[in-house]
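**Student:** Here is how the chains run, residue by residue.
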Amino acid sequence: DTAVSQTPKYLVTQMGNDKSIKCEQNLGHDTMYWYKQDSKKFLKIMFSYNNKELIINETVPNRFSPKSPDKAHLNLHINSLELGDSAVYFCASSQVLGGQSDTQYFGPGTRLTVL
Amino acid sequence: DQQVKQNSPSLSVQEGRISILNCDYTNSMFDYFLWYKKYPAEGPTFLISISSIKDKNEDGRFTVFLNKSAKHLSLHIVPSQPGDSAVYFCAARSASGTYKYIFGTGTRLKVLA
Chain A
15 DTAVSQTPKY LVTQMGNDKS IKCEQNLGHD TMYWYKQDSK KFLKIMFSYN NKELIINETV
75 PNRFSPKSPD KAHLNLHINS LELGDSAVYF CASSQVLGGQ SDTQYFGPGT RLTVL
Chain B
6 DQQVKQNSPS LSVQEGRISI LNCDYTNSMF DYFLWYKKYP AEGPTFLISI SSIKDKNEDG
66 RFTVFLNKSA KHLSLHIVPS QPGDSAVYFC AARSASGTYK YIFGTGTRLK VLA
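Residue numbers (my numbering), protein chains in the order written: chain A, 15 to 129; chain B, 6 to 118.
Rather than coming from a laboratory, the hints here were simulated on the basis of the structure. Careful, some of the hints might be misleading.
[Claimed, not checked] Here are the computed lysine-lysine pairs in the DSSO-like style, where the Cα-Cα straight-line distance is at most 30 Å:
(1) Lys85/A with Lys115/B
(2) Lys85/A with Lys33/A
(3) Lys23/A with Lys10/B
(4) Lys54/A with Lys76/B
(5) Lys105/B with Lys36/A
(6) Lys58/A with Lys115/B
(7) Lys50/A with Lys85/A
(8) Lys81/A with Lys66/A
(9) Lys58/A with Lys10/B
(10) Lys76/B with Lys55/A
(11) Lys61/B with Lys58/A
(12) Lys54/A with Lys105/B
(13) Lys55/A with Lys105/B
(14) Lys66/A with Lys105/B
(15) Lys58/A with Lys105/B
(16) Lys115/B with Lys50/A
(17) Lys105/B with Lys50/A
(18) Lys115/B with Lys54/A
(19) Lys33/A with Lys105/B
(20) Lys10/B with Lys50/A
(21) Lys66/A with Lys36/A
(22) Lys23/A with Lys55/A
(23) Lys55/A with Lys73/B
(24) Lys81/A with Lys105/B
(25) Lys66/A with Lys23/A
[Stated by the list, open to error] Counterexamples of contact, computed for chain A against chain B with all Cβ distances above 12 Å:
(26) Met29
(27) Lys33
(28) Phe78
(29) Ser79
(30) Ser82
(31) Asp84
(32) His87
(33) Asn89
(34) Ser94
(35) Ser100
(36) Ala106
[What the hints assert, rightly or not] Pair by pair, the computed Cβ-Cβ distance ranges are:
(37) Ala118/B with Asn76/A: 48 to 56 Å
(38) Pro75/A with Gln19/B: 30 to 38 Å
(39) Ala75/B with Ser79/A: 39 to 47 Å
(40) Gln19/B with Lys81/A: 43 to 51 Å
Cβ atoms here follow ideal geometry from the backbone N, Cα and C, with glycine treated the same way.
Using the sequences and the hints, build the whole thing.
**Tutor:** Here it is as structure tokens:
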């Protein structure tokens, strides 16, 4: 009964490939996020969706495309993978956007290694 | 331009003593602050939060203090336990627009038995 789950946990792939990371939350939250934690341990927001609507789209290459088929899912598709994409990607969700109830709950992370 | 800074990358404390983790920020528009704890190979876990209209929030062994004039917040853990050994991140939320959170780079706490 994991609250926020991500698959796969580890992903090793070659440069130039296309890959997807899936995220699901069973908390009934309205908002979902993707974060990237790079080698320097910075945890940076990439995207957020509220009720399936894109809210935050940080300066992320357009090779990265989030897709939210419903409120419980936010998948991340990455085209033409590059070495610099190697990082840990975290999915998160929060009950609402803003207010006092937007504490974010994180998934376990997906460690992506591009060779 | 890192808007949220945790200047101590690591901290070691004896079991039973107080752990104090610090966080500084530069944006006066931040309205909500959170602390997260992270174990290796796991996602960050929410610990405690504080609104900008308060200066203190307490939850069991964890207390967060906010000094808005100094743009500084701290997390106190007392008494510290070996299970508290983890990386602690502070995060600050922008009050405008997208309610984006900015995270610090983390402080690794080691509680020595």
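**Student:** Confirm or reject each hint.
**Tutor:** Results for each hint:
Distance check on the hinted pair: Lys85/A and Lys115/B sit about 38 Å apart at the alpha-carbon level, beyond 30 Å; violated. At most 30 Å may separate the alpha-carbon atoms for a hinted pair to count; Lys85/A and Lys33/A meet this at roughly 22 Å. Under the criterion of a C-alpha separation no larger than 30 Å, the hint pairing Lys23/A with Lys10/B is consistent with the structure, at around 29 Å. Proximity of Lys54/A to Lys76/B is assessed by CA-CA distance (about 24 Å); at most 30 Å being required, the pair is judged to hold.
Between Lys105/B and Lys36/A the alpha-carbon distance is near 22 Å, which keeps this suggested pair within the 30 Å criterion. The straight-line distance between the Cα atoms of Lys58/A and Lys115/B is roughly 25 Å, inside the 30 Å bound, and the hint therefore holds. Note on Lys50/A and Lys85/A: the hinted pairing holds, with a Cα-Cα distance of about 21 Å set against a maximum of 30 Å. With a CA separation close to 8 Å, the supplied pair Lys81/A and Lys66/A stays within the 30 Å bound.
Note on Lys58/A and Lys10/B: the hinted pairing holds, with a Cα-Cα distance of about 13 Å set against a maximum of 30 Å. For the given pair, Lys76/B sits about 23 Å from Lys55/A by alpha-carbon distance, which is consistent with the 30 Å threshold. Restraint check: the Cα-Cα separation between Lys61/B and Lys58/A comes to about 27 Å, which is no more than 30 Å; the hinted pair holds. The hinted pair formed by Lys54/A and Lys105/B meets the criterion: a straight-line CA distance of about 20 Å does not exceed 30 Å.
A hinted pair counts as satisfied when its Cα atoms are at most 30 Å apart, and Lys55/A with Lys105/B qualifies at roughly 18 Å. Distance restraint check for Lys66/A and Lys105/B: the Cα-Cα separation of roughly 17 Å lies within the 30 Å cut-off, and the hinted pair is therefore satisfied. Under the criterion of a C-alpha separation no larger than 30 Å, the hint pairing Lys58/A with Lys105/B is consistent with the structure, at around 10 Å. Proximity of Lys115/B to Lys50/A is assessed by CA-CA distance (about 25 Å); at most 30 Å being required, the pair is judged to hold.
Proposed proximity of Lys105/B and Lys50/A is supported: the alpha carbons are some 14 Å apart, at most 30 Å. Straight-line distance between C-alpha atoms of Lys115/B and Lys54/A comes to about 20 Å, which keeps the hinted pair within the 30 Å bound. This hinted pair checks out: Lys33/A and Lys105/B have alpha carbons roughly 26 Å apart, not beyond 30 Å. Of the supplied pair hints, the one linking Lys10/B and Lys50/A holds, its CA atoms being roughly 18 Å apart against a limit of 30 Å.
Under the criterion of a C-alpha separation no larger than 30 Å, the hint pairing Lys66/A with Lys36/A is consistent with the structure, at around 15 Å. For the hint linking Lys23/A to Lys55/A, the alpha-carbon distance of about 18 Å falls within 30 Å, and the restraint holds. With a C-alpha separation of about 26 Å, the suggested pair Lys55/A and Lys73/B falls inside the 30 Å cut-off, and the hint holds. For the hint linking Lys81/A to Lys105/B, the alpha-carbon distance of about 19 Å falls within 30 Å, and the restraint holds.
Our distance criterion of 30 Å between C-alpha atoms is met by Lys66/A and Lys23/A, whose separation comes to about 24 Å. Distance check for Met29/A against chain B: the nearest CB is about 25 Å away, which clears 12 Å, and the non-interface claim stands. The non-interface label for Lys33/A is consistent with chain B: the shortest C-beta to C-beta separation is roughly 20 Å, beyond 12 Å. Against the 12 Å criterion, Phe78/A stays outside the reach of chain B, whose nearest CB is about 17 Å from its own CB.
Every beta carbon of chain B lies more than 12 Å from that of Ser79/A, the smallest distance being close to 19 Å; the non-interface claim holds. Every CB of chain B lies more than 12 Å from the CB of Ser82/A, the least distance being 16 Å, so the non-interface label holds. Consistency note on Asp84/A: stated as away from chain B, and its beta-carbon is indeed over 12 Å from all of that chain's, at 21 Å minimum. No Cβ of chain B comes within 12 Å of the Cβ of His87/A; the nearest lies about 17 Å off, and the non-interface call holds.
Annotated as non-interface, Asn89/A keeps its C-beta farther than 12 Å from every C-beta of chain B; the closest such distance is 17 Å. No Cβ of chain B approaches the Cβ of Ser94/A within 12 Å, the least distance being about 27 Å, so the stated non-interface status holds. Listed as a non-interface residue, Ser100/A keeps its Cβ farther than 12 Å from every Cβ of chain B; the least gap is roughly 16 Å. With a closest Cβ-Cβ approach of about 8 Å to chain B, Ala106/A is found to fall inside the 12 Å limit, against its non-interface label.
One distance hint, 48 to 56 Å for the beta-carbon pair Ala118/B and Asn76/A, holds here, with the actual separation near 50 Å. At about 46 Å, the beta-carbon gap between Pro75/A and Gln19/B misses the expected band of 30 to 38 Å. Hint check: Ala75/B to Ser79/A, Cβ distance near 41 Å, so the stated range 39 to 47 Å holds. Between Gln19/B and Lys81/A the beta carbon distance is about 49 Å. The supplied range of 43 to 51 Å therefore holds.
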